[in-house]
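There are 2 protein chains.
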Amino acid sequence: MGFDFKFEIVAKDRETAGRNGRFPTPHGIIQTPVFAPVGTQATVKAMTPANLRGVGATLVLANTYHLYLRPGDELVRKLGGLHRFMQWDGPILTDSGGFQVFSLSQTRRIDADGVTFQSHLDGSRHRLTPEKSIAIQENLGADIIMAFDECPPSNEYDYVKESLARTHPWLERCAAAQTRDDQALFGIVQGGIFPDLRAESAAFVTGLDLPGYAIGGLAVGETKAEMLATLDVTVPLLPREKPRYLMGVGEPEDLVNAVLRGVDIFDCVSPTRLARHGSAYVWGGRFNLRNARFTRDAAPIDETCGCYTCTHFSRAYLRHLVKANEILGHILLTIHNIYFLIHLMEQMREAIGQGRLRPFADHFLSAYEESL
Amino acid sequence: MGFDFKFEIVAKDRETAGRNGRFPTPHGIIQTPVFAPVGTQATVKAMTPANLRGVGATLVLANTYHLYLRPGDELVRKLGGLHRFMQWDGPILTDSGGFQVFSLSQTRRIDADGVTFQSHLDGSRHRLTPEKSIAIQENLGADIIMAFDECPPSNEYDYVKESLARTHPWLERCAAAQTRDDQALFGIVQGGIFPDLRAESAAFVTGLDLPGYAIGGLAVGETKAEMLATLDVTVPLLPREKPRYLMGVGEPEDLVNAVLRGVDIFDCVSPTRLARHGSAYVWGGRFNLRNARFTRDAAPIDETCGCYTCTHFSRAYLRHLVKANEILGHILLTIHNIYFLIHLMEQMREAIGQGRLRPFADHFLSAYEESL
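Quick mapping for you: the protein sequence lines, in order, are chains A and B. First residue of the first sequence: 1, per the numbering used here; consecutive thereafter. First residue of the second sequence: 1, per the numbering used here; consecutive thereafter.
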């Protein structure tokens, strides 16, 4: 008897496809819609686990490709698994390694069976297959694990079609390779920006009874309009009663637009990456603390924000830290940015519970500009 | 009526010159002996104020030279002073800027009136005088401020003697320049490693009735034996009823050796700097987490340590963070190293209270080696 990953929908919005859910995992219930901060190398950059709890994080993502290469999944297993290793006792999701093999490794050769590649760290040669990816993810021990696939360029029809044919069988191999029954394996629908390929992929992937389904291959270069159009055709192809995960997304406006369309789970490196570049999310967009207009600004980043950074520090101090390249600048902006996205998800859950997601989203999106 | 900075000795050790004291400041009482972490640019590197509280810090040091250049002391004053700016509501000590002018600035010319120098940041020209240093320190608003002097090479007799003659008058100018009565101005005894010059300087400096006295010019290249010999002759020249501050020291063994000799206040960048290089203090010395022998080590840095790092994370995880150059590695090692030194001071205060500082020190020093 394995763990029962039964997704429960607790509220549906009145006018939109937005819904609130509860997804149980061995490390606690995930309330959806949820934003997962990314802890690539078994740490969300610049955050202690206590900081992560403090900003309200529940689900955290870690990257299989990085952890396989360093410190190694066998080592993590011997030290009690990823939760114990990084001291995060909440739910963890690992990706399959496929995306990073294609985006980070030095050279790679894909064949019907898997991918051979060279490490970006030391050039050493490695091979990932569906079976190997599942074995690594079992060693890491996350609560949610992902099927191994290819993330093709979203706007090359022939390539995407060929890629689907190659990697759909990999999903069956992933499912067959699973030996642990306490990890939820999610299948991934690919198909780029092409409705017919999304339909083909969704038909195949949802043909397997899995505890959740992901939408892959977006936020990789297509326009925002193409992304939303693809969500419009893809989300309805996924079963209502299973959680839907939009991989690698996103920016605040993306989160709102995707929750409106019925997506439940998100992850993105933006809040941590932007923080290291001195940028902070605010209602209406974001701004960079390097800007000289903040030199004497005694106000917090956001007067209405309840995070540790905004309840203690001025923009002038944060600007000073950023200009002086102090680690505390990274820490405080990361705290704020992750809090902002998690708080945005909370606001959307509340709006869904009250049947007013549409006016909330309209209000948010009408104010939103990419850079202020 | 200014603030009453009256130092109170609450316990004296039986066999040594060690003593426990209480030094009241506008931002709280400092229990001595105390170790002050260094927050050069208005931040103790990689630590939030909450982290600092968590490791038991009371007194924090900030550097006048750095803050004068960036963000500027006028800006800090306009934003409510350093405590508010960096959100540290405990006691703060600022140095005079003199030491950094001599160690960091690009070019400097010293004359009877002060020092002209170029910023290490942008090459801009600046001038510091005793009056200017006090004005900057009043803008910053620390609880303890330091007299402006030169920190000469400790083993060049003629230079040190000449420097004393030049900078003793500066102390009187600093005292005369003070306009705030809520900051404790400490005088600094110089004199290098030369007993006659230390005596000359101590006679002059303690001739002014100040709330505390510092020993400067040590830990700048002389041997450990020379430092201890200098403490042996200098500490007895300072009044018993005032706090004694050994500037820029030190390593764990230095702290123990100096507390034995009656020093009350310390600061040093070592715990934060070592952390950024992957080194951790332990009873008996320190070790570097980069060492391959920690690859699979599930133990904490120190089994007996009560810090956040040691109560949560394995050496293997910390080694992974250090090798992967993750900010969390800096954060967690900094937490541990500062906790270690502050806990060491607590242990010494307890030993002094029980009249057993000598056996405690013997036990500590017999185990101590610089690198393990």
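These are computed hints drawn from the structure, not numbers from a lab. Some hints could be false.
Below, computed lysine to aspartate or glutamate pairings styled on DMTMM-like, alpha-carbon distance capped at 20 Å [unchecked claim]:
| no. | chain 1 | residue 1 | chain 2 | residue 2 |
| --- | --- | --- | --- | --- |
| 1 | A | K323 | B | E74 |
| 2 | A | K78 | A | D89 |
| 3 | B | K78 | A | D297 |
| 4 | A | K132 | A | D89 |
| 5 | A | K78 | B | D297 |
| 6 | B | K161 | B | D111 |
| 7 | B | K161 | B | E226 |
| 8 | B | K78 | B | D182 |
| 9 | A | K161 | A | D122 |
| 10 | B | K323 | A | D122 |
| 11 | A | K161 | A | D196 |
| 12 | A | K12 | A | D297 |
| 13 | A | K323 | B | D122 |
| 14 | A | K224 | A | E253 |
| 15 | B | K323 | B | E346 |
| 16 | A | K224 | A | D362 |
| 17 | B | K161 | B | E172 |
| 18 | B | K323 | A | E74 |
Quick caveat, the model's predicted, so the values are computed rather than measured.
_So, against the hints stated earlier in the document, which numbers end up violated here?_
Of the numbered hints given earlier, those the structure breaks are 4, 9, 12, 15, listed in rising order.
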